[in-house]
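Number of protein chains: 2
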Amino acid sequence: MTTDVSGCVKKSRGRPKVFDREDALDKAMALFWQHGYEATSLSHLVEATGAKAPTLYAEFTNKEGLFRAVLDRYVARFVSQYEAQLFASSKPLAQALKDYMVAVALCYTSKETPQGCFIITTSSALAASSEKVAEMIRLRHVKQAQTLVTFLAQRQASGELTASCQCSILANYLSCIIQGMSVSAREGASFETLEEIINTALGSLPGIAQ
Amino acid sequence: MTTDVSGCVKKSRGRPKVFDREDALDKAMALFWQHGYEATSLSHLVEATGAKAPTLYAEFTNKEGLFRAVLDRYVARFVSQYEAQLFASSKPLAQALKDYMVAVALCYTSKETPQGCFIITTSSALAASSEKVAEMIRLRHVKQAQTLVTFLAQRQASGELTASCQCSILANYLSCIIQGMSVSAREGASFETLEEIINTALGSLPGIAQ
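First to last, the protein sequences are chains L and C. Residue 0 is where the first sequence starts when you use numbering that gives the first Met the number 0, and the numbers rise one by one after that. Residue 0 is where the second sequence starts when you use numbering that gives the first Met the number 0, and the numbers rise one by one after that.
Everything labelled a hint here was simulated from the structure, so no lab data went into it. A hint or two may mislead.
The list treats identical chains as interchangeable, and a pair is accepted whether it falls inside one copy or across any two copies.
[Said to hold, decoys possible] Computed cross-link-like contacts, EDC-like style, restricted to lysine to aspartate or glutamate with a CA-CA straight-line distance of at most 16 Å:
no.	residue 1	residue 2
1	142	186
2	97	159
3	131	186
4	62	186
5	90	63
Fair warning: this is a prediction, and the values are worked out from it, not measured in the lab.
Working from the sequences, and respecting the hints, build out all of it.
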């Protein structure tokens, strides 16, 4: 995975002269991803981004606002990439699902970012007191599940899934595997292990029209 | 789920006169399970267990020692219960796996304990600095995976799984679903949703001898 930050003033030891929003978001993302929402303090964020605290406040209002922007950036950088695999319409159903889940597994095991899913990892570590952040994450998960249901319903309409297949149940099953892959990756599972899990899951997927 | 604490001095508003180890472990477990290892402070543990700090130190040495005892207690109270479903040898393979996973799902969605798996939830929220706790959790997970492999290998030897089935891959797949169920339960999935996921996973399990 590469960042698409082009005009970034970085790699110098001093503070960047120009505030690069996307670069700051990527650095904040790495912190939240590794340590969770609560354990990442504003001073950690100031240090990692190289921005002044007043600059971060002006741009994002508070830590919660910064997290919201980071979540949007994660979706744009990663989630959109692998969801695109689902809607490449020329692919057969099984291939589209396989490409989607392999893209997810590559993201979760990439050496360039912390292991696992940013959203699932943050959610798991979240304190009960951070209600607004929990709600942001919950809504994002609902959207991901809806995306899978939309995809499956399209393939059911085209006859690739049997009429009796309940798309929402199949979507919950696939989401469950994706969540499990995030936990496995976080605990050190390799891409190859995740790929074997994907092959096992998709090798005998119910509801595929013969 | 019920606690098997019998000689417990509790329900009074004051501090218990006798230190009840298992009762203290159950109360500490609830805190670690809900809030994670780092976010649970010794003062929280003292308050919840009703024990004096010196009593906790004398019994468990430090927070890490208390966590180790809590982990053992979780395994005895919950993990052993649902793993027993696997080794009730009179059941056919599919039924044994179903009973095991349903017992797991009931534990993860019980209203009497925090949602999800104590071990997976704690692991997900763990800071990189808590290396010894991470190692305890990792070893426990390895043991859980080995239990599944042992179970599957027994059933392969008896001819219920095809000779070509790779037990370790199938065990990783089942572990992945269990991990995903923990994340789903933590985010509010009902027992019924988890049961649908189990039925989907086991309804088309690869390697079952016909």
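Subject >> Alpha-carbon proximity between residue 62 and residue 186, which holds within one copy, between copies, both or neither at 16 Å >> reply: neither (27 Å within a copy, 22 Å between copies)
Original post:
Taking 16 Å as the upper bound on the Cα-Cα distance, should residue 90 and residue 63 be classified as within, between, both, or neither?
Top reply: neither (39 Å within a copy, 51 Å between copies)
**OP:** Up to 16 Å between alpha-carbons, please classify residue 142 paired with residue 186: within, between, both or neither.
**Re:** Answer is between: at 14 Å across copies they meet the 16 Å cutoff, but 26 Å inside does not.
Original post:
16 Å Cα cut-off: does residue 97 pair with residue 159 within a copy, between copies, both or neither?
Top reply: Within one copy, since 15 Å is at most 16 Å while 28 Å is not.
**OP:** Classify it for me, residue 131 with residue 186: is the Cα-Cα distance of at most 16 Å met within a copy, between copies, both or neither?
**Re:** The answer is between: 14 Å across copies meets 16 Å, while 27 Å in one copy does not.
When the structure is compared with the earlier hints, violations turn up for hints 4, 5 and for no others.
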